[in-house]
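A.B. asks: If you read the sequences in order, they're chains V and P.
Per this note's numbering, residue 1 is the first one in the first sequence, and the count goes up by one each step.
Per this note's numbering, residue 1 is the first one in the second sequence, and the count goes up by one each step.
No lab work stands behind these hints: they were computed from the structure.
Be careful, since some hints might not be right.
Pairs of lysine-lysine residues, derived as DSBU-like cross-links and limited to a Cα-Cα distance of at most 35 Å, are as follows [to be verified]: (1) P:K515 - V:K15; (2) V:K40 - P:K204; (3) P:K12 - P:K264; (4) V:K140 - P:K43; (5) P:K126 - V:K61; (6) V:K169 - P:K89; (7) P:K89 - V:K153; (8) V:K118 - P:K535; (9) P:K60 - P:K281; (10) P:K204 - P:K281; (11) P:K43 - P:K264; (12) V:K78 - P:K42; (13) V:K86 - P:K492; (14) P:K335 - P:K425; (15) P:K323 - V:K86; (16) V:K109 - P:K179; (17) P:K493 - V:K86; (18) P:K126 - P:K89; (19) P:K164 - V:K118; (20) V:K12 - V:K86.
Keep in mind that this is a model prediction, so the values were computed, not measured.
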Amino acid sequence: MSDVVNITIDGKECKAEKGMTILQVALREGIDIPTLCYHKDLEPYGGCRLCTVEIESRGRKNYVVSCLYPVEEGLVVKTRSPEVEKIRRIIVELLLARAPGSPELIKLKEEYGAKEEKFGKEPIFCILCGLCVRYCSEVKKKYAISFVQSGVKREISFIPEIALKECDKCKECFPLCPTSYAQALYLLTQALSGGPST
Amino acid sequence: MQRISSYEDFLKLKNRVQSIMASSERIISVCGGGGCSSKDGKKIASALKDELGKKGLEEKIKVKLTGCHGMCSWGPSIIIYPEEICYLKVKEKDATEIIEETILRNRIVDRLVYEDEKVGKTPHLKDIPFYNRQTRLILGYNTKIDPQSIDDYIALGGYSALVKALTQMSPTDVLEEIKKSNLRGRGGGGFPAGQKWETTRNAKSDIKYVIVNGHEGEPGAYMDRAILGGNPHIVLEGLIIGAYAIGARQGFIYTRHDAPDLLKNIETAISKAREYGFIGKNILGSGFDFDVEIHLDIGIFVSGESSALMRSIEGKIPEPRPKYIRTSVSGIYEKPSNLNNVETWANVPLIIENGAEWYSKIGTERSKGTKLISLSGRIKNAGVIEVPFGMSLREIVFDLGGGTGNGNDLKAVHFGSAMGGSIPKELIDTPLDFDACAKLGAPIGAGGLLVLDEKDDMLELVSYFLDFLSTESCGKCVPCREGIRQIRKLLKKIKDGSGTYQDVETIREICDVQKEASLCALGRTASSPLESALKYFWKEFESRLVKEK
Ligand SMILES: Cc1cc2nc3c(=O)[nH]c(=O)nc-3n(C[C@H](O)[C@H](O)[C@H](O)COP(=O)(O)O)c2cc1C
Ligand code: SF4
Ligand code: FES
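Just chain V, with the same shape it has in the complex:
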């Protein structure tokens, strides 16, 4: 069995290696798919769902997240069907209620015609993309920040004992944050715990 598969993205025929995701192929081909929780050095997370695309496989239409969906022979992908646009618009609107003013969300808002005022604001300035949490555990292996609580109460939280020892000399997750919340939360954690231990 050959390891190369043929897929079509927005009418363009592409060759891809087995094991690649739709997003990886699209990126290579210069086809734009928006993402919020994807990072090339991290395990795909599938949390923001912004990278959703429409696929047709064995005659059936489906919506999948491109950062995780593995390519298969004959796959037909549409990255911008009306339904996909609607999904993305609403995701952006839902997130704008939580992180108003985030530059990345503002850019997306314009692209997808989202309304900033669609939902009543309940800002926490974190969109729970998990980039900081995952970077700290997967790349740095320090586990200084984690998710706490479940459902609508989910939050990120620094573990003060680890954070005060490790974060000052690292701070590598701050620039990954789409809203600058990670940095703010860290400063808060530091202040509440009486400053860095060094």
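Dock chain P with the ligands against the given chain V, drawing on the hints supplied.
C.D. replies: Then chain P with the ligands, alone, in the frame of chain V:
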């Protein structure tokens, strides 16, 4: 006890335990299930034993503390065999009278007897509509056996299916029988069990797992607890047979962390089965090895979802896995893992023992066998029942359930809890069937049936489910987490009388996105109760909306 290592050994054992069971003149079965143990089942059993002791009857007449009898709103219930006299709402202080009147003088204690307008006072199980309309293939054991006793189960035919499978059938034979029976998963999806088994069986790997999903996180559902608490062996037997067919040597029972009695029953069942050689190395001399571990669940509802459950077994946080690969191919530690619900596994011994042909005569064309249903809400006879697929919802609610029981008219029945939907009373003649109910927007789910009367408010019901999901989901993905947050706010606005038609449109938009883009089935079905309420009870929304000028 010696390990059973052949068919002949098993027959000898079976004869022995059957004659022990037959040696008691009478058996008094006292319900110790979920609803009744909180209502003194244990105390009643020991009061009965004391009385028997005083009369010197403890050898002839046995008292058994059993699992759930099913008639929970009438509990504690006791049943006296062989006459099958049923006493309800029994109190500890009734023990003396029961022994003196019924046991010594063969007289009925009138005030403990079932009564309704149609049948009047009826002491015998066979005359009580709640029982006589059921087909208790699985639950039937509950009233007759001590859940801690493997011998009780064997005396009533238990483990015969395992012995048959391992001594007379090849793994493929077993698989084919299950496929032919059209057994569908009872945990919510109704997926064909045989097909799932085959996927795991065919997956390339030396290590494979089989798992029992006993999480039962749905509010108002007690079916799985009724089975595991009443007769854990039937589930264990099904699991061992499944493992044999699939080629798994390790199994897991994922069960509730907050039910110590249930856990004890399962632990005892496993250790007894091991003692008898039904678990362990070279089971019944067949060369097949299998072992089982218990794993306690994490309280949160989403941990019952297949991939979340498997992560939980790996010791990780129970979040659904976003990958597009089935757990039957890559599950626990990325090994092929076949997960089935408690009730699904409990059906397996029945099918193997009696054959797929027998099994497929019960039920409808595409929903075979029986289904356990938990009746709750506005219903007279609340509890757990087992009925064949195809029975009409009317029969379930009115004939077995006794109607709303509060003088109010029926409004709707709601299936599938927070992931299901409601069926209005006009459609009450719908048969119990996976596909017929799903088509109406009220998938059976795991079998929790909530009855609503005319005074119930659909918006309150829908809000209740969304409140539940708002903390019982994991919160990982945006459509589910943020969608639920905003829908709840919009619903509150409508309930407060300031909602608009536009708000309803916005709700519908969020529902669409949740269905299409959520990571797991929780988010993808979170909108089902709401959508079914909008479809069948639109007036309740509309009457509260701000009228357009
Ligand atoms: C949020 C969520 C919760 C679930 N909870 C349960 C549960 O408590 N018990 C169960 O058997 N299945 C539950 N399921 C269904 C399982 O994912 C899985 O489909 C089932 O256990 C498979 O067994 P079956 O095919 O025998 O039904 C749940 C699914 C979801 C999405
Ligand atoms: S749909 Fe809900 S429960 Fe499922 S992964 Fe997303 S947030 Fe978690
Ligand atoms: S980028 Fe794919 S889900 Fe977030």
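A.B. asks: Taking the hints in turn, state whether each one holds.
C.D. replies: Structure-based check of all given hints:
no. : hint            : in the structure
1   : P:K515 - V:K15  : holds (31 Å)
2   : V:K40 - P:K204  : holds (30 Å)
3   : P:K12 - P:K264  : holds (28 Å)
4   : V:K140 - P:K43  : violated (58 Å)
5   : P:K126 - V:K61  : violated (52 Å)
6   : V:K169 - P:K89  : violated (68 Å)
7   : P:K89 - V:K153  : violated (42 Å)
8   : V:K118 - P:K535 : holds (24 Å)
9   : P:K60 - P:K281  : violated (39 Å)
10  : P:K204 - P:K281 : holds (23 Å)
11  : P:K43 - P:K264  : holds (18 Å)
12  : V:K78 - P:K42   : violated (63 Å)
13  : V:K86 - P:K492  : holds (25 Å)
14  : P:K335 - P:K425 : violated (46 Å)
15  : P:K323 - V:K86  : holds (23 Å)
16  : V:K109 - P:K179 : violated (51 Å)
17  : P:K493 - V:K86  : holds (24 Å)
18  : P:K126 - P:K89  : holds (19 Å)
19  : P:K164 - V:K118 : violated (63 Å)
20  : V:K12 - V:K86   : holds (23 Å)
Going down the numbered hints, you'll see the structure goes against 4, 5, 6, 7, 9, 12, 14, 16 and 19, while the others check out.
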